[in-house]
Amino acid sequence: MRRFASFVKKEFIHIFRDRVTMLILFLMPIVMIVLFSYAVTTEVKCIQTAVLDLSGDFATRKIITALENDGYFQITRILHSPNELQTVFNDGKINLAVVFSENFAESLHHGAGASLQLLADGTEANSAAMYVNYAQGVLRGCLLDFNRMDGAAPVINTNVKMLYNPSGKSEYNFVPGVMGLMLLLINAMMTSVSIVREKERGTMEMLLASPLPPFQIILAKLAPYFTVSAAVLAIILLFSRFMLGVPIAGNIFLLLGLCLLYIFVALALGLLISTIVNSQLAAMLASGMVLMMPTMLLSGLMFPIESMPKILQWLSCIVPARWFIAALKKVMIQGVGFENAITEFAVLGFMAAFYVALSLKKFKIRL
Amino acid sequence: MKVITAHNLTKRFGSFTAVDGISFELEKGEIFGFLGANGAGKTTAMRMFCGLSRPTSGEATVAGFDVFTQQEQIKRHIGYMSQKFSLYEDLTVKENFTLFGGIYGMKPSQIRENFGLTVGRLGIEKYADTLVDGLPLGWKQKLAFSLSVFHSPEIVFLDEPTGGVDPVARRQFWEMIYDAADKGITVFVTTHYMDEAEYCDRVSIMVDGRVEALDSPRNLKQKFNADDMYGVFLYLARTAKRS
Amino acid sequence: MMLKYLIIKEFKQIFRNSFLPKLFVMMPLMMIGVMPFAANQEVKNLNFAVADHDRSTLSERLVNKIAASQYFSLVAHCSSNEAFRLIESGDADIIFEIPQGFENDIVNSRNVTVSVAANGVNGTKSALASSYISGIVQDYSSDFQASMGDIIKFDIKPYYLFNPGLNYRVFMVPALMVMLLTLMCGFLPALNIVGEKEKGTMEQINVTPIGRGVFILSKLLPYWAIGLFVFTVSILLAWLFYGIVPAGSLLTVYVCAIVYISAVSGLGLVISNYASTMQQAMFLMFFFMLVFMLISGLFTPVSGMPDWAQWIAAFNPLKYFIEAMRMVFLKGSGIADLKSHLLALGIFATVLNGWAVVSYRKTE
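Residue numbers (the numbering used here), protein chains in the order written: chain R, 1 to 367; chain A, 1 to 243; chain X, 1 to 364.
FYI, nobody ran anything at the bench for these hints, they're computed from the structure. Values in this document were obtained by computation on a predicted structure and should not be read as measured data. Even glycine gets a Cβ: it sits at the ideal position worked out from N, Cα and C. Be a bit skeptical, because a hint or two may be false.
Within a straight-line C-alpha distance of at most 25 Å, the following computed SDA-like cross-link-like pairs (lysine to any residue) qualify [said to hold, decoys possible]:
#	chain 1	residue 1	chain 2	residue 2
1	R	Lys-361	R	Pro-213
2	R	Lys-161	X	Ser-56
3	X	Lys-331	R	Arg-77
4	R	Lys-169	R	Asn-103
5	A	Lys-94	X	Met-1
6	R	Lys-93	X	Phe-315
7	R	Lys-310	X	Ala-76
8	A	Lys-140	X	Lys-199
9	A	Lys-126	A	Thr-98
10	R	Lys-62	X	Ser-142
11	R	Lys-169	X	Gln-41
12	R	Lys-310	R	Ser-279
13	R	Lys-169	X	Leu-228
14	A	Lys-221	A	Asp-208
15	A	Lys-241	A	Lys-107
16	R	Lys-93	X	Ser-303
17	R	Lys-169	X	Asn-47
18	R	Lys-310	X	Trp-239
19	X	Lys-197	R	Ile-24
20	X	Lys-4	A	Ala-128
21	R	Lys-199	A	Trp-139
22	A	Lys-223	A	Lys-241
23	A	Lys-183	A	Gly-29
24	X	Lys-44	R	Ile-311
25	R	Lys-93	R	Asp-53
26	A	Lys-140	X	Met-202
27	R	Lys-93	X	Gln-41
28	A	Lys-94	X	Arg-16
29	X	Lys-331	X	Leu-342
30	R	Lys-93	X	Gln-100
31	X	Lys-157	R	Asn-103
32	R	Lys-169	X	Gly-135
33	X	Lys-65	R	Asn-157
34	A	Lys-28	A	Ser-216
35	R	Lys-62	X	Asp-155
36	A	Lys-140	X	Gly-200
Chain R is faced by these chain X residues, among others (derived, beta-carbon under 8 Å) [to be verified]:
#	residue
37	Val-112
38	Asn-119
39	Gly-200
40	Met-278
Please build the complete structure, drawing on both the sequences and the hints.
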């Protein structure tokens, strides 16, 4: 036991001595949460709008005012001829042009005829869809208003309520995502790289030749990463709870149990990679390509899974972070009980068992 | 002509004086043993002579070039084998020699010829196209030494070249060192094997950054009244204040 | 002359590596073949549960209209409580609730209110989803009014310039090529140099008469060559898979790429000079890349970001190259239009490489 303890101590010294890495590890989750929450919003703030209004009547003026009052649109240019439309987008300063047909107000009442063109700069496909979506919302509102003024036709209003996150903060979404990413980075990527480094230097053979049983060697190698990830976890939770005001609505023990389960999966994956590859470079690239990239893309962290083609949706099922993040959102932010996240727990449990067994088997073969 | 001259050569890292005013001169073809306990300043001193580290004060020349201003010229005239160095493991034996031959500006015909002689001497012709990765440690060290003298430098610096090898292999390694010295190459070698110190023409022993003794092994043994170099070393090492 | 030997050595090592050559094949396939399908922030196929307290023809029609849209799929008709449980278990994203008396109110020309409750954990997604639902309800409302008689109506015709079909891929693919070049010419040479440091072969190189410029060039040139090759492959794949070709000239694409490569490899070199182990280098790279990637406009437009993020973006080489690539591919911009982008990238290249040369020490 004393031998084991001294060995664990050596491992701790090893990773804590690398100040740069430690600093990055503790800084990265915070930077990530801030960046994801504040900088990576699909929200469009200020749509630079040009208007071509050849009609200039009460209806067009009313619509223009409605756009201006909406808050999203900033009308920065008034055009005077359709020819200007050719060039107005070229310098990239205008996002959207609103073009009214001639005699707009007059043709409103004669069935068809009145039309309104929305020209959006499609270079940024996402934003373009957003500009048009917002503009359509405002325009439909105007249309309802016109009719309300006009007669007694009934209007159906929509009352929207955001559950769990009334103000629509992005942090609620990204805190669980960043946790999924960081725990994987520490437990899978760092572990695999550090074990492979020992292999590369030949010191692994020395360790294996020591009287310590292989199982304890693995345990000692993994212990510091486990500790680091616990610390990072604590930092993320404290930062998001007290600095960002993200609630921890659910049972904290359930939350920690979930994290523990996920850490096991990640550690086992790291161990598995380390038994397969032989160089640090390969370990990095393998964990980057096989773990980090799929996690970024397919975990639902940044891109909604349900919009993807079916084949990618199936593929996303083998990404552990997908299940972890989904469960974390339920347990941490929605604050629902275990019974609502049984599927996720079961999948993660299965993955943990499978990868631990597989990596131990591989590790034994190498001995 | 002296191959290395050092006068009051000093290297400080902040307030720590790693090498404290060492002075000596080396003759051509000499085998010079550079001894000292771990942390005595051996490696730092050697790195200054190789142009890897800039001295803080003092004077020194290597192969007639100044260690302060002519580091790049020095590098053309020396060979170096570090304790950490192994060859490129993912290149073959031949590729390693071709690479370093090319780096020192040897002509392709000359590289071919020298390489043929080298593998012939080591008797490993059939492994010329094997990746270094798969060779035993003893061989790698012999190859690393052959590589460090491949371009016929005036001096070769060996930093603990025989670490981790068995006595038989060490013996063979020293035969290679004698061969090189016979060809007129000066050998500057650090080691912590005291039996190896006996093989050197002259030995210096560093304690706490200073050269405390410098003479032939025989004279040193007489002076300190010891049976072997180990006795000499122990006597001096006890005076050390740094741990 | 020395350079030749060193470059031969690098190529041998690269192609002898068990992993790198596979990476050169896999990367463009992944980046161009798979990423555009996944890296898509479109919101589709959201699950919604309906609590219809009216159970009338009109309410039924409204529900069908929502279910028919590509954005939503109906998971359950149920009570409010059950619907809420579906949200808790994650089986539904949205509850759509129609009040009792819905049909009666409409027929009698009284205004009614339907409610939408969305799982707000993913704020962006739920906001978008509820705006889609509101749109559909508004449409339904107008349609209904139209059926009641003469009402005011105008058509809204959206039109997207430069990308008429609003094809998300046309927009993603050029940016993904940028990521590819970044990995190939920034990441890999840096890791390679730190690898030599760690193994000790770097010290052996340092005692030889090789100049630092020559040594660094020998590290960069092979990756530049491979990077440009992989870049070319990805341009071909984009054409093959999606028929995406640059609207501008290929020459412009390559000019931008070459200027960018020199900037990003300078960044890699700076990092390799400060990192002493591969693990450190990897983390530093990963950190910088993450920051650069998130605020480059790759996924979300820089113009929508807070001011501090826009300031960081101004010092982000990725941003300039991504913008330039999109302009060439979509708008057909030429070198003259990209002057400011090329200038910015050129400044990055000069500063970063200068920094790299100064911070690289053969001698302590």
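> If you check each hint against the structure, which ones fail?
Replying inline: Going through the list in order, the structure violates hints 4, 12, 13, 15, 30 and 39 and respects the others.
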